[in-house]
Amino acid sequence: MPIVQMFHKELPPDKIQAYKFALWIGMASIIMFFAAITSAYLVRKPVGNWYEFKLPVQFFYSTILIVLSSVFIENAYKSMKLGNENRYKLNIVFGTALGLAFIVMQIISWKVMVSTGLFIDLNVSVSFLYVISGFHALHVIGGLVVLLISLLNAFLIEFQPDPMRILKSNLVRQYWHFVGILWLYLLIFLILQ
Amino acid sequence: MSSSHHSHKETDILIEKQGFDDHFHEHHEGDKYQTNFLFKYIFSMDHKIIARQFLMTGIFWAIIGAAMSIIFRLQLGFPDESIAWLKPILGKWIIINDAGMGSLDPEFYYALVTMHGTIIVFFVLTAGLSGTFSNLLIPLQLGARDMASPFLNMLSYWFFFLSSVVMFYSLFLSTGPFSGGWTAYPPLSALPQASIGSGAGMTLWLVSLALFVVSVLLGGMNYITTVLNLRTKGMSLWRMPLTIWAFLVTAILALLSFPVLFSGFLLLIFDRSLGTSFYISDIFINGMALDRIGGSPILYQHIFWFLGHPEVYIIILPAMGLVSEVLSVHARKPIFGYRAMVYSILAIAFLSFIVWAHHMFMSGVNPFISNFFVVFTLIIAVPSAVKVFNWISTLYGGNIRLNTPMLFCIGFVSMFISGGLTGIFLGNSAIDIQQHDTYFVVAHFHIVMGVAAFFGMFAGVYHWFPKMFGRFMNETLGKVHFWITMIGAYAVFGPMHFLGMAGVPRRYYRFDSFEAFTGFDDMNKFITIAAIITFFAQIMFVVNFFWSMYKGRKVTNQNPWGATTLEWTTPIEAGHGNWPGKIPSVQRWAYDYGKDGIEFTQQHVPLREGEEHSSH
Ligand code: HEM
Ligand SMILES: [Cu+2]
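Chains as they are written, first to last, in our numbering: chain A, 1 to 193; chain B, 1 to 616.
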């Protein structure tokens, strides 16, 4: 339980909820992490000895999956706020399933790369692709764990759209959109390169 | 001068009357994690206990880190003396020749230099300094019950602890700890076969620092959220003490720069274990060419210093905050230029992200690009000078109490000036051609960062010891500690400027095969002797610290220094939740000294009739 939350529940409402704020700070540090890796990519590329290859098409399929998943999670949050239990359950199921599908599709992409001889130590350009997509996937898996917990909660605990659950649902939603947008950024970055 | 010094009772009554009721003590869960010894002192979530845990661990590492420097200084000062007497401690790292003369294994010399840097920079001056004082002061000075998430706060300490355990373990590997320098440049750090410390030692170094980054991120997230969300009623940003400003900005710097270091380490781990070539290219080892091509060691340097430079400010900003606060309390004057101080902290923080390549002027970066970094590097001197000017102006005309905390503050200012000036030399890429990788750099950063940050920390420990342990540290021992350290530090690092200007390179095992450097034998002896004396003064500090914890003079007054900030409104032994009843609400800024003829007024005291807010 958020102990401190209670100490300060009477603070003026203009302050941002502490957990939401902490999440944003966490996102900022994740952004710095990927900014560093993509800058490293930019610094390294012009030095030469850079093997050019095409991105496996599966990366585009996975993009569709994660965007759709975000739509469902957004709907789940809205349903929670409106107090619509069935819609909430439905959306959280589809959102989580699509999230899982995204990870599966990423694994397929890596398998395709390996089968065409694009091993991680073939060339720096290939190594970068594995590192970028791999660490992004780790962040998605972190989100998935939380989604799975929400999913369990949706079916195991009584549906009670009180402020605490709405807040939690909102935190999950924000992080999920964040990793989705992060993937879009990374993909566009890779295409432009 | 009359004094608005409030006795215990008055303070408590005032807080009951004016304070803010958060009904804290009506919640039972707040106290439940304090029920037994294990959760009260070991897995504590109370920020005051966590602060002490960071401090104790920091002291432990400081002793080890300093002892290491004494061992390698013995090598540098007395390369021809036998150190066989160290054999019982160092074992096989002392090589005894047929004549019975014991000398330090050169590989281990590098390991000692590397570990000394890593330990002092990360474990002592980052975790030990920020960890201790952010934890102790953020909730207390802001009027909060605890951190935003006491649980994450506890985890932050335990990740640091794990990181410490891993690093400590690496000291005992049969191949020794990592030995490629605290900056861990590839290829020494990337190729396990590069040196004996590059194998298991480096692996553990990376594991340890990865855990360390997690600790910093958990802590920083908490500090920022607490400062921005949990201030008590009336504590606007512009009423926060400068300590809090410093911790806030430090945490922001850490959150933006440590993930970058982490990414750099990850690429390094891939190079070490998966055969990638992010950093490795065209290398011969033992006459054999490696098949790893295409990497760029300069890439690592960019990533490392993108953290590395902010890191030096992550170390010095908290020290600056502590010094600003302690200096003002013991000069009995408001800090001069409060807002300018805040703006300089912000300016320094911003600029610290765009100067990193001044560590790489000699790495073959484009000289045109270097100019950009020269300019921003020199601009950092401006907000730094503003701060120095303000500290001196705070002292000027003050009613100065020349006690130990104050002496260390003055020592800090002196060190920061001396070391800042040499930074300006190094910041010029043309002059740096001569100075880079010499003892001039060693002198620069030890004075401006190492010694200065230690002084800030000492000022903080002597000043807040009564808050942490309910007793004072011994003042006489404290003064002796200060004077030996002050003179000793200049004696150690002053001469190094000359060595550096003569071109003596850093990190060398001995110099007698260089005709040019033979004239410096006596200087090196002098430095080593000064270092040993200074080291013993630190041991004296540690003895004073632990002795005073149990035997020091007891604090009888809630606010022994006559300070204005909120931590001195809690009971002497503050329990869980810090204030027994309501939390104080804040009525004024943090530096009301000598206003309207009143010696000092604490932050929770309402404006007197006809009194105006201090303008600042
Ligand atoms: C007036 C402002 C400063 C300037 C212009 C400056 C400039 C420089 C430059 C150019 C170097 C690189 C020298 C070389 O390797 O050839 C350097 C090294 C260093 N500086 Fe500063 N500095 C300043 C203040 C500081 C402060 C405030 C700190 C820490 C609190 C600091 C810590 C360091 C460290 C740790 C290194 C060396 C790291 C290493 O190579 O192991 N400097 N400084
Ligand atoms: Cu720097």
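Source of the hints: derived by calculation from the structure; they are not laboratory data.
Where a beta carbon is used, it is the ideal one built from N, C-alpha and C, also for glycine.
Misleading hints may appear alongside valid ones.
[Said to hold, decoys possible] Beta-carbon label-pair distances, calculated as ranges:
1. B:Leu378 to A:Tyr185: 29 to 37 Å
2. B:Gly275 to A:Leu192: 46 to 54 Å
3. A:Leu184 to B:Pro505: 47 to 55 Å
4. A:Ile31 to B:Arg553: 25 to 33 Å
5. A:Leu192 to B:Ile431: 39 to 47 Å
6. A:Leu184 to B:Thr183: 52 to 60 Å
7. B:His613 to A:Asn86: 51 to 59 Å
Do the hints match the structure? See the list:
1. B:Leu378 to A:Tyr185: 29 to 37 Å: 35 Å, holds
2. B:Gly275 to A:Leu192: 46 to 54 Å: This hint is violated: roughly 28 Å between Cβ atoms.
3. A:Leu184 to B:Pro505: 47 to 55 Å: 49 Å, holds
4. A:Ile31 to B:Arg553: 25 to 33 Å: Hint violated: Cβ distance 50 Å, outside 25 to 33 Å.
5. A:Leu192 to B:Ile431: 39 to 47 Å: 40 Å, holds
6. A:Leu184 to B:Thr183: 52 to 60 Å: Hint violated: Cβ distance 35 Å, outside 52 to 60 Å.
7. B:His613 to A:Asn86: 51 to 59 Å: For His613 (chain B) and Asn86 (chain A) the Cβ distance comes to about 57 Å; the hint holds.
Hints 2, 4 and 6 from the earlier list are contradicted by this structure; the remaining hints agree with it.
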